[in-house]
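All chains should be modelled from the sequences, with the hints used to inform the complete structure.
Protein chains in written order, with this note's numbering: chain A, 9 to 152; chain B, 9 to 152.
Among these hints, one or two may not hold up.
Each pair may be met inside one copy or between any two copies, as identical chains are not told apart.
What the hints assert, rightly or not - In silico SDA-like pairs for lysine to any residue, Cα to Cα no more than 20 Å straight-line:
id, residue 1, residue 2
1, Lys72, Arg98
2, Lys46, Glu107
3, Lys46, Glu113
4, Lys46, Gln27
5, Lys46, Leu150
6, Lys72, Met24
7, Lys72, Gly106
8, Lys46, Ser14
9, Lys46, Leu29
10, Lys46, Val31
11, Lys72, Arg28
12, Lys46, Met24
13, Lys72, Gln135
14, Lys46, Met12
15, Lys46, Thr22
16, Lys46, Arg28
17, Lys46, Arg32
18, Lys46, Leu30
19, Lys72, Glu107
20, Lys46, Trp17
21, Lys72, Arg99
22, Lys46, Ser73
23, Lys72, Val31
24, Lys72, Leu29
25, Lys72, Ser50
Everything labelled a hint here was simulated from the structure, so no lab data went into it.
Computed from a prediction, not measured in an experiment: that's the story for all the values here.
2 protein chains.
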Amino acid sequence: MADMSSADWEFWDTWMRAQRLLVRELDRGLQRDCGISKAEFSVLMTLTRPMRVGELADALGWEKSRVAHLLTRMENRGLVARIEDGATGRRTGVELTGEGRRAAESATRVHGATIRRLVLDRLAPEQAEAIQAWGEQLIGRLDD
Amino acid sequence: MADMSSADWEFWDTWMRAQRLLVRELDRGLQRDCGISKAEFSVLMTLTRPMRVGELADALGWEKSRVAHLLTRMENRGLVARIEDGATGRRTGVELTGEGRRAAESATRVHGATIRRLVLDRLAPEQAEAIQAWGEQLIGRLDD
DNA sequence: CCCCAAGAGTTGACGTGTCAACTCTAGCGT
DNA sequence: ACGCTAGAGTTGACACGTCAACTCTTGGGG
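What follows is the structure, given as structure tokens:
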């Protein structure tokens, strides 16, 4: 297997740099306009109904502990609530609060507009297609 | 400006998910095989000669404070050393130690091979081109 | 019935990144 | 020479993600 050429390294460096800038910009916008992080946004989008923590983690493709930590922070800020089983008092799931639902709605619009402006409106159809194909290939290969 | 269609959201979700999986895989490999993080790798690659912290931060396109924190951790592990001005004793720069240089060399080979295997060898030429064009466009637009 | 193994969920420790506040020095104007 | 400001660098507080260890419940064997 051949080594990386300097063009290869440059390609890679460009790529990582662009990705970081993009994610940072999106995160900042979401934080500024809606007061939530990108990860919290994903949770708000996915938690459309009460569900168990593991179910949520699976749907997001995240690790349980990451979800647990994030839910704790979101619970403290009133965006989600844990569901308690009346009898045993043990926690069996999690759901959005009213405030969470409100944040989700406003963030969907604001964040969607930002993604469209920064990304989708700038990609030619064949670029978008090439990128989506790459993404699907990566997920298929790495998601085990 | 039109709202995001569900295909748009799916494109975005796929993209973020793939990106996260890829970065995680690369980070884990680097950590496992070379004992350093991806960010530390970038520093080792960039710090080819003694330089000031600000210069390093500019070269990487990172914020000063991020670089300062990372350098502190790397200094504690003996990968880099701060350069002291003999007279005033004040810190005027930073450089790789022998150990840092050694880590850089081995990581270049190992990490390069991983990138090639996970990314470059799987990209069709038109995919690579689309991605590079997107990356350059993003950097041009967001790097201010 | 009891034990214990498997699964769900949580927690703590740690490395990391961001923002804002801080220190220190150099350079400049008067 | 004095003081002030701009820039470089550091630090602290906090949010985040990962790993490993932990608790708690549940569902079988014996």
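Practice problem: Pop the pair Lys46 and Ser14 into one bin, within, between, both or neither, using alpha-carbon distances up to 20 Å. | Solution: between (34 Å within a copy, 18 Å between copies)
Exercise. At 20 Å max between alpha carbons, let me know whether Lys46 reaches Leu150 within a copy, between copies, both or neither.
Key: Between copies only: 18 Å across, 22 Å inside.
Quiz item: 20 Å Cα cut-off: does Lys46 pair with Met12 within a copy, between copies, both or neither?
Solution: This pair counts as between: shortest inter-copy Cα distance 17 Å, intra-copy 33 Å.
Exercise. Check Lys72 against Ser50 for me: Cα-Cα at most 20 Å, and say if that holds within a copy, between copies, both or neither.
Key: For Lys72 and Ser50, the Cα distance is within 20 Å only inside one copy (15 Å; across copies 29 Å).
Quiz item: Within a copy, between copies, both or neither: where do Lys46 and Met24 come within 20 Å Cα-Cα?
Solution: Answer is both; intra-copy 18 Å and inter-copy 10 Å each pass.
Quiz item: Is it within, between, both, or neither for Lys72 and Arg98, if the alpha carbons may be no more than 20 Å apart?
Solution: For Lys72 and Arg98, the Cα distance is within 20 Å only inside one copy (18 Å; across copies 46 Å).
Quiz item: When no copy is specified for Lys72 and Val31, does a C-alpha distance of 20 Å or less occur within a copy, between copies, both, or neither?
Solution: between (23 Å within a copy, 19 Å between copies)
Self-check item: Alpha-carbon proximity context of Lys72 and Leu29, limit 20 Å
Solution: between (28 Å within a copy, 15 Å between copies)
Self-check item: Intra- versus inter-copy proximity for Gln135 and Lys72 (alpha-carbon distance at most 20 Å)
Solution: Answer is neither: 34 Å inside a copy and 33 Å across each miss the 20 Å cutoff.
Exercise. If the cutoff is 20 Å on CA atoms, where do Lys46 and Val31 land: within, between, both or neither? Let me know, please.
Key: Both ways: Lys46 and Val31 sit 9 Å apart in one copy and 17 Å across, limit 20 Å.
Exercise. Can you give me the call for Lys46 and Thr22, within, between, both or neither, at a CA distance of at most 20 Å?
Key: between (23 Å within a copy, 15 Å between copies)
Practice problem: Classify it for me, Lys46 with Glu113: is the Cα-Cα distance of at most 20 Å met within a copy, between copies, both or neither? | Solution: This pair counts as within: shortest intra-copy Cα distance 14 Å, inter-copy 35 Å.
Checked against the numbered hints given earlier, the structure breaks hints 7, 13 and 19 and satisfies all the rest.
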